[in-house]
Amino acid sequence: MGMNLRAKLIVIISVAAIFFNFSEVFGIERFPPPDFEPGTYTMPTPTKPPARAYYWEFIDMFLLVAVLSLASYFALRLRSRRHLFWLTLFSIFYFGFIRQGCVCPIGSIQNVTLALFNNNYAVPVSVMFFFLMPLVFTLFFGRTFCAAVCPLGAIQDIVVWKPIKIKPWIENALRIIPFVYLGLAVLFAATGSAFLICEYDPFISFYRLGGSVNMLMLGGIFLLVGMFVGRPYCRFFCPYGAILSLLSRISKWNVYLTGEDCVRCQICDVACPYGAIATPTPESQQPEKTPVNIGNVLALTLITVVVVVAGAAGGGKLSVAFSKMNRTVSLAERIAAEESGKFKDQTDETKAFRQKGGSIDELYSEALKVRDRFAFGGAIFGGFVGLVIGLKLMGALFATQRSIYEPDRASCVACGRCYAYCPKEIIRVRNLQKLVQKK
Amino acid sequence: MAEDKQNDISNRRQFIWSGLRGAALFVFGAVTTLLGLQSRKERTVWQIDPNKCIACSKCATECVLTPSAVKCVNYFPMCGYCDLCTGYFEPNPNALNTAAENQVCPTGAIIRRALEDPYFEYKIDENLCIGCGKCVVGCVLFGNGSFFLQVRHDRCVNCNECSIAVVCPADAFVRVPASSPYLFKTREGSAS
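Protein chains in written order, with our numbering: chain V, 8 to 446; chain Z, 49 to 240.
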């Protein structure tokens, strides 16, 4: 009887030991490390190769300002496409292949957003710098960042081959997408769910010479399309470009052809691969013909308000679907489904969660919190999209009256192609050369 | 007269624009100050917390680099130098030797070397290691857990959004300061 009890005890203890070992799998020394005879064996130390040295950040920041300054100088002062082209190649080489594109100003939107909404994350100085500098430069010089600094723009700029003209109304409609993308990226970054812009960056796999097949293919498609539709990513997707286009509207200087001397030859419009030349207001839309109708204005304002409200409501509805992108929410949903017996098998995620012995109730309340944030953020996102659409419509009604062809401040990326085509510009350059020769 | 009006409009526009520019600059400054007040400002890099990692093998396939920047590390002070290393050998190996059919590692990246009887040293050849973590599973389950996965910073390109972190089922990927970029296990069982 006594023996039996002891046997039982041994079984219980060993079962408990096994259980203990499995639940607390780390840091258990089941086999005590040997004590080697002194001098017989030197234990190798695992190496810790350091991360990219700190001073590289300063080199990156310095080069960013240098290339931005050069691009602005080449585009606005020297007015030279050739210089911009070589600078573009440099950006592809350095910001693309050497620096491998990360963190780029486009992606940094998300780092800044995350830091604004999450106190546990702080933006590193260099990332903040990469976010701000192009914005400040655009405020003064227009989108010279897009011209020759951004590695994503650069790779698209050099593949332009036979660009087609897109009908203005299509172009205008497509230009809403970057704002929607920007709104989504901010929503997902603010809720700590995903960095959408980085996940769907089509060109980064080229610069890294590797990556998922899907992304490589997406990049290939963008470049192929880019041969016939100039800079498709910049114009119709880039969320940073959306911000820059707003700032560029109020920039102090910008790409400027001849102003009132314009002979309306349209050659700049033909030369621009990006549909960024604003054309003169057609005769039928001159203010004398269609005076601003107060009724139209009221109707449009009303439509805008309705669209904003509808957008907010729709965004709130979509938020449940959006929130599935969040890891906490998707884990909680899966755990709930497993608990209710809907799924018999566990995923890696739920296995890891259960192995760590996390509290399911805590997970649920955490997920609900995230979902609340999505409900609020989704409504704001929807309202924002509505506002963008409303303002686009307003913009169509109150288009600036112009009698000449000139680069559109918002969409011009300062690539400098039009300079060589404008007859007035050619005359100006020739006169300058004569002046120099006389001296 | 018409020209005057044009000039007026132009001047007014210039005035509004410079006002807006000032406002934009003010917002930039405000955001920078706000974010600058937060404490940690050093650049961060990605690392695996070995105490969270479940060695699911996604590191081998999800990294933008091929082979992955994640490699196995053997922390020797924790290693038992076992003859039957469960991180090195398949369950029920034919024999305790270096024949490929006995090894867990799909690329033969673990170098087994006999020391004084009965001990064996297990070293990782990082050029062969693909970061699948098969050895980590065996070592953690039946051994001391001295094998664990780490992001190797001589290879990692430090993507803004690490594509392994996106799919890591255990949420083991964390941002760590670039000046101390590793989370090694210690003999006390904590990561440092």
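Don't take every hint at face value.
To be verified - Short derived list, chain Z residues pointing at chain V, Cβ under 8 Å: (1) 55; (2) 59; (3) 63; (4) 78; (5) 124; (6) 129; (7) 162; (8) 165; (9) 167; (10) 168; (11) 222.
As the list claims (entries may be wrong) - Computed spacing ranges between beta-carbons, pair by pair: (12) 431(V) <-> 68(Z): 25 to 31 Å; (13) 401(V) <-> 75(Z): 47 to 53 Å; (14) 67(Z) <-> 62(V): 35 to 41 Å; (15) 76(Z) <-> 172(V): 32 to 38 Å; (16) 444(V) <-> 86(Z): 24 to 30 Å; (17) 76(Z) <-> 372(V): 34 to 40 Å; (18) 68(Z) <-> 317(V): 25 to 31 Å.
Unchecked claim - Below are the DSS-like pairs computed for lysine-lysine, each with C-alpha atoms no more than 25 Å apart in a straight line: (19) 182(Z) <-> 55(V); (20) 171(Z) <-> 363(V); (21) 331(V) <-> 100(Z); (22) 182(Z) <-> 376(V); (23) 53(Z) <-> 363(V); (24) 100(Z) <-> 55(V).
These aren't lab readings, by the way, just hints derived from the structure by calculation.
C-beta atoms are modelled at their ideal positions from N, C-alpha and C, and glycine is treated no differently.
Quiz item: Which hints, by number, does the structure contradict?
Solution: 1, 2, 3, 4, 7, 8, 10, 11, 13, 16, 20, 22, 23
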